[in-house]
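> What follows is the residue order along each chain.
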Amino acid sequence: MMKQQDSATLASLLSADSIFYLDGTYDRPGLVAFLAAKLHPRVAEVIGEKALVDRLNEVEKLNNILETGLYIPHAKLPDLSDFHAAMAVIPAGLKDPASPYAVRAAILLLSPGKPPFFQQHLNMLASMARTFQTPFIDKLCSLSSPAEAAGLFASAGR
Amino acid sequence: MNPPPSSDRPSLKKVFVLSTAMLSFISFWKASAIVLCDFGSSAYYSGGIAMNAYGPAFPWFVMGVMLFAGVMLAVYVESCSMFVRGGVYVVVRHAMGKFLAKIAVSSLVFDYVLTGPISAISAGLYISYLAKSLLGMAGLPADFSPNMLAVVFGVAVIAYFWKENIKGVKESGDTNVRIVLFVAVIAVILLLWSFLTVYVRGFTLPPFKLEFSEEALGWSKHISWLKPIGFIGVFMAFGHSILALSGLESMAQVYREIEDPKVPNLKRTAVIVFVFSVMFTGVLTFLSSMIIPGDLIAGEYAENLLSGLALHLHGPYFARLALQALVVISGGLILMGAVNTSFVGANGILNRVAEDGILHDWFRRLHPKYGTTSRIITMVAVLQVIIIIASRGDIFLLGQAYAFGVLWSLVFDTLSLIVLRFKDTEFEREWMFPLNIKVKRYQVPVGLMAVLAVLLITGCLNLVTKPTATVAGVIFTAVFFTLFQVSEKLNEKKATLHLDDDEAEEKLNLKSEADINTILPELSKPNRILVPARNPDNLVHLKQVLKTVDDETTDIIVLSAKVAKAMEFGREETPVTDEDKDLFRNVVLMAEKYGKTVKPMLVFSNDPFLSIAQVARDARVGEIVMGVSGSVGAEVQLEKLAMAWGMLQKEDGLQVTARIIWQGRELTYKL
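If you read the protein sequences in the order shown, they are chains Y and P. Residue numbers for the first sequence follow the numbering used here, so the first one is 1 and each next one is one higher. Residue numbers for the second sequence follow the numbering used here, so the first one is 1 and each next one is one higher.
Hint data in this document are derived by calculation from the structure and do not stem from the laboratory. Just so you know, even glycine gets a beta-carbon here, dropped at the ideal spot from N, CA and C. Hints are not guaranteed to be accurate.
The calculated lysine to aspartate or glutamate pairs, modelled on DMTMM-like cross-linking and capped at a C-alpha distance of 20 Å, are [stated by the list, open to error]:
1) Y:LYS61 with P:ASP607
2) Y:LYS139 with Y:GLU67
3) Y:LYS95 with P:ASP607
4) Y:LYS61 with Y:GLU49
5) Y:LYS61 with P:GLU666
6) Y:LYS114 with P:GLU214
7) P:LYS227 with P:GLU214
8) Y:LYS76 with P:GLU635
9) Y:LYS38 with Y:GLU60
10) Y:LYS114 with P:ASP607
11) Y:LYS38 with Y:GLU58
12) P:LYS562 with Y:GLU67
Rough simulated footprint, nothing fancy, chain Y against chain P, three-plus residues with beta-carbon under 8 Å [to be verified]:
13) 292-298
14) 601-612
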């Protein structure tokens, strides 16, 4: 069985300025809106902020929090030509009434919507789910700054 | 809430694995043996019965019937290829509706009910005559009536198989193979020794001269224009020999068990059955007529023709006597096999019609201990015992009656196929009976029509030449038809036609396993495919897998992953719903259609995609093939699966191919 090949790594997508440490006062839609607002400047050319939030909320009706505490709101945008991501770390956990799991890490992923990118999009989702296992999230939550978190990705070769 | 560490993440609990006999498939050799255990047994009595009816021309007509059997086998190949779980009832119902299907199945039940007595009596007669030979040789008195001894023996055999079927002892394909192999060995010895005898003594071909007995003419004696000569005489004689065709319905029963490729294997089965029957029944009957003196065929050996053949071969008496003993043993085995088949066949067909609501549920009540449809089995046994006693061991009388059920069930089956050629032109037929003329969008079945003509002429003539059979057959058919009509009316009044879960014909045994890992050792092939399924009406993806996968090298796991929000581990619950059973029933039907083995499983968890990924990981499948979900769509399914798969992987994760298949489209990605 082959190891998965990811042309875009998490380390390249998540730098210190795209990682945010939050308290647990957000709810799930609020968390998505926060990350969308932070990520929007990078994709402003292809979609407005409100449209982006609406698009994410539409997709999120079918999305769920993984049992590791990772939440990956995501959307595919037809006019996008590259992957973009922003991450929120919530050490206190964000409790969503619709799920038995608390969100401790959330990664907003925006992917190109063209069919040739779909394999990479799946690879990204799988890679995030594989990387953000419970011990890794525990470690992230124990750090105090986005810079440390970015360093964690870089040192782990993610 | 702190999630458990990934290393401690529990494997799937509450796994249900479907175990049913119908998930194993058999080779065409085994299928041939099962059919021959019924069809081949007529070699022991058809010659004597024919001789008794119309004299020394009997071997020509018995051979003619065996050659015609090849034609009827081809008819069955077409009908089986259309309906995996077919048979006369299903084909006739599809073509001509329930009314005629009830008549057809009534005549088929008559066939099955008579198979037991004629086979048991025949075996009893062979044993009786052997006993006479041995007692005579020992100088002991042997003045008992073989027919009476055959009656006693027959009743005992019926009682034995009644008990075995009540207990639910399954007819074993391996046993059938051993019986047929043994019979084949004896047949080869008989054939070779007979050819030697004919070579040493010379031979005269039997005359093609019809000498009908008074009894064999029946009512035709009183119809001035119906003279037993020429064309009419030939068909009359053919009608007296046609009981040799009994057992072909077994082809339809065995088809569902035949392994992939189904239709080619069915054809191979038909060829093997045909060749065996021509050699065993046809040629041996011919050789009997050439070796046994004519007066002895009509007299001493009328009821045990093959024993007579053994005793009149060229060679020392003790060797011939030993061969007679072997003939009797082989006859006993195959004839008693036919008795068992009569129970299994009658039980099967009556259960099938009961599923359709035309036999009252009372008949399908299960035995409290053995879980079998004991009332149906007992009814068949009682009828068979009554017939044995009423016949007083008269095999010729039984032979007369037997032809009724055989013939009319074949008429209905052939007629239905002709109707379906016009009614159901869209149906994809993997094979068609030859001699067809394409007229617009129809394949006009000239060949089938010719076969039907032969059967109808023979059937109509039999109605007048076999009064006992006609009266008995008509009464029996009328009684059963009335029973079906009344049952249907009574069932319609009930709130539901569905039986309790326990009483479904296909016992879907869902056994609970402690953990998925206890099932994994059963997956022994080098490749594995996981096919998640939820909707019993959406199995397009499973069909595609079954069509294309090599059963020899690939295990197919069909997984139903259900969301159970309030699962309680450790409690003995069976939260299996009717929808789950519908799903698995359809899965089994589809697997049978393609002759491929599947391992169906039902698991409960909070996240179906996580369940799918876990089973795929634990079973180390190479491919996950899903149908498209109407509620979320293919891309969302793949995304959810990707996240679940990723979550379960370690650093150097396994790779799996994920496919989603729906009508006309397919998506394939690597995870």
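> For the region 292-298 of chain P, do three or more residues have a beta carbon lying closer than 8 Å to a beta carbon of chain Y?
violated (count 0)
> If you draw a straight line from the CA of LYS61 of chain Y to the CA of ASP607 of chain P, is it 20 Å or shorter?
Cα-Cα ~15 Å, so holds.
> Decide if the proposed pair is consistent with the structure: LYS38 of chain Y and GLU58 of chain Y, CA atoms, cutoff 20 Å inclusive.
Roughly 19 Å between the alpha carbons, so the hint for LYS38 of chain Y and GLU58 of chain Y holds.
> Against the 20 Å threshold, does the CA-CA distance of LYS562 of chain P and GLU67 of chain Y hold or violate the hint?
17 Å, holds
> Straight-line Cα separation of LYS114 of chain Y and GLU214 of chain P no greater than 20 Å?
88 Å, violated
> Quick one: see if chain Y covers the region 601-612 of chain P, three-plus residues with Cβ-Cβ under 8 Å.
holds (count 3)
> Below or equal to 20 Å on CA atoms is what counts here, so check LYS61 of chain Y against GLU49 of chain Y.
19 Å, holds
> Keeping to a limit of 20 Å between CA atoms, is the pair of LYS61 of chain Y and GLU666 of chain P held or broken?
Violated: LYS61 of chain Y and GLU666 of chain P sit about 25 Å apart, past 20 Å.
> Given the hint that LYS114 of chain Y pairs with ASP607 of chain P, test it: the Cα-Cα distance must not exceed 20 Å.
Violated. LYS114 of chain Y to ASP607 of chain P sits at ~28 Å, over the 20 Å cutoff.
> Going straight from one Cα to the other, do LYS95 of chain Y and ASP607 of chain P come out at no more than 20 Å?
Roughly 18 Å separates the two Cα atoms, so the pair holds.
> Holds or violated: LYS139 of chain Y and GLU67 of chain Y, Cα atoms, limit 20 Å.
17 Å, holds
> If you draw a straight line from the CA of LYS76 of chain Y to the CA of GLU635 of chain P, is it 20 Å or shorter?
The given pair, whose Cα atoms are some 11 Å apart, holds under the 20 Å limit.
In summary, the numbered hints that this structure violates are 5, 6, 10, 13.
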